[in-house]
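Protein chains: 2
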Amino acid sequence: MSRIHPIIMAGGRGTRFWPASRETLPKQFLEIGGEGSLLTRTGARLAPLAPPHDTWVVTNVAHVGIAADHLPDIPRDQIVGEPVGRNTAPCIALAAALVAREDPEGVLVVAPADHWIGNEEEFRATIEEGVRVAREEKGLVTFGVVPTGPETGYGYIEAGEELAGQGSVARVVRFTEKPDRPTAEKFLAGGRHYWNSGIFAWRADVFLEELARQHPDMAAECRRMAQAVDRGSALETGYPSLTSISVDYAVLEHSDNVYVVPAEFPWSDVGSWDALADISPADGRGNVLEGDALAVGSTGCFVRSTSRFVSVVGAKDLIVVDLPDALLVCSKERTQDVKKVVEALEKAERRDLL
Amino acid sequence: MSRIHPIIMAGGRGTRFWPASRETLPKQFLEIGGEGSLLTRTGARLAPLAPPHDTWVVTNVAHVGIAADHLPDIPRDQIVGEPVGRNTAPCIALAAALVAREDPEGVLVVAPADHWIGNEEEFRATIEEGVRVAREEKGLVTFGVVPTGPETGYGYIEAGEELAGQGSVARVVRFTEKPDRPTAEKFLAGGRHYWNSGIFAWRADVFLEELARQHPDMAAECRRMAQAVDRGSALETGYPSLTSISVDYAVLEHSDNVYVVPAEFPWSDVGSWDALADISPADGRGNVLEGDALAVGSTGCFVRSTSRFVSVVGAKDLIVVDLPDALLVCSKERTQDVKKVVEALEKAERRDLL
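Sequence lines, in order, name chains A and B. Numbering of the first sequence is given in this note's numbering, commencing with residue -4 and proceeding in unit increments. Numbering of the second sequence is given in this note's numbering, commencing with residue -4 and proceeding in unit increments.
For the record, the hints were derived by calculation from the structure and aren't laboratory data. Honestly, I wouldn't trust all of these hints.
The list cannot tell twin chains apart, which means a pair is met if one copy fits it or any two copies do.
With a straight-line Cα cutoff of 27 Å, these simulated DSS-like cross-link-like pairs (lysine-lysine) come out [what the hints assert, rightly or not]: (1) Lys335 / Lys133; (2) Lys173 / Lys334; (3) Lys342 / Lys181; (4) Lys335 / Lys173; (5) Lys181 / Lys334; (6) Lys133 / Lys311; (7) Lys311 / Lys342; (8) Lys133 / Lys342; (9) Lys133 / Lys327.
Using the sequences and the hints, build the whole thing.
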């Protein structure tokens, strides 16, 4: 039987986790929502599915070294450095081409490095179910998280006809990226929509064939780079030429061979500080206090102290993140605007704080 | 004519300005609401009224050295160290006894070291008017700030019969310490009440006679300590035995020889961080940003950064005070609770942060 090949996508920057995340230390390298970095925990979560020599990591070329530190078991040659970020389609295409060289029917399990999963056992059982579907149907398998609210920041997957005798596994009708609130509420009420977890399973050859149909240049270029003797040099010249596009837009939305496997495990993309607050165990007043911190007459506050004593007094629904060189104080409902601070720092050329 | 003797009361601890104020550096030694420390500015404000050798400072014995640093012109012998704090009555009584040794009819101008005054010229003109009244009436003169709102945190002075031909200078009917809100509103509407500025003017002998009538032991002990050859030793044994009581309670409330001179200058006791925010020049969105700070989508915030870059995002009416070893984030309406942080630190024996 073909093997399983975990593909860990670790190329993000995660500016919304500033000041903890920096250009030299993006979100996936941070300890967020658990012990060990998100990347280390993603590796550990996938490890029971496949041995290290079948596992691949794709990250920015500047972060190959630190990724190796966080995943010491993965052979260094399988930590691939992107010279520039090009979103998920080129990243997955390159990984698929690398796997296809020696195991074309091998099943990729593609997972973002910076998500949080609340139940590892259930996660793996779900992934194994998806791998089975990917093998049996020769399809592109998505994992759909059962929505717990009308979130507008996620992509939604609409499930169609269920596969006979395969529980809730269904064909996918369509994808909707970040709906408005009324649409999200309609999705939630209808019971046919899932959140797009960004986790996928598919055979390398099946994916590359579908990609070749929709983006033949990208497929060809990725196969070329994967076969290059000097991979670093090939990526340096070839990778920047690829279209920056998500795998959802590039492949999934235009394919009639897409399936969704329902994911019941607790999941979060921890896209911002308030999302982290949501998944962190809070005290009786809804406060999450990390490090040397004290809350007086405060509710719903998330405080991360790394370098000094931090006190919050009479505060409500605040995020306070203390780093030795920078501090963020942000209302929970405005954590999306943290990127505006990063933009201001870029404009002011405050390189030391980026 | 008898001389003027400024008496600067610099014995407070100012815990509500934590984390900027510490046991080793109380509020009066901080740069608050202007350039230079509150103590330095208090000295400069009084300097045109009297030469340094007629000026006295009373502070905690642990702070004599730093007080001398902040007021280098004052002879070291005239910076008096209290072994323990005993509120304002003993402090003023001791100063009066020291002055009375060689200028019994000299007029003390008693001023707290940690207040903010918005107009120095008007301040001195008002004080000179008070000194005139203290001399002519041989009375105890208070300075009453014209209220701008129904503050419940201040003491109030009720003015009675005005002195003939002396403008608004009046006899005092009574004092009311920290009234409840309805009472404060009644006071404001009535137009007969002033805020007690805590600034006073009176002849040394007049004050000591009144004190001797009401607290003969305190008056006698202060005269004894003032005449001691070894003042430090005399204070160490005598001062702790004095009753801890304010001059308002100890003397003014029970005397029929008290006057009030209206004070029109901008004044604040800057009793807490929000009071400092009130007197600090704000930007168009009501934010006061000191140091390396950035506000995004925030209003009414006071940010003091001393050690790194501080950003506030989507915040409203917050106080953020950043020190190298401690941080305070506090809603403006709860700044009185800063002392609860200090209490918690005391309980936890976090000496380094106190």
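Query raised in the report: Which hints from the list above does the structure break, by number from lowest to highest?
Result: Violated hints: 1, 3, 5, 6, 8, 9; rest satisfied.
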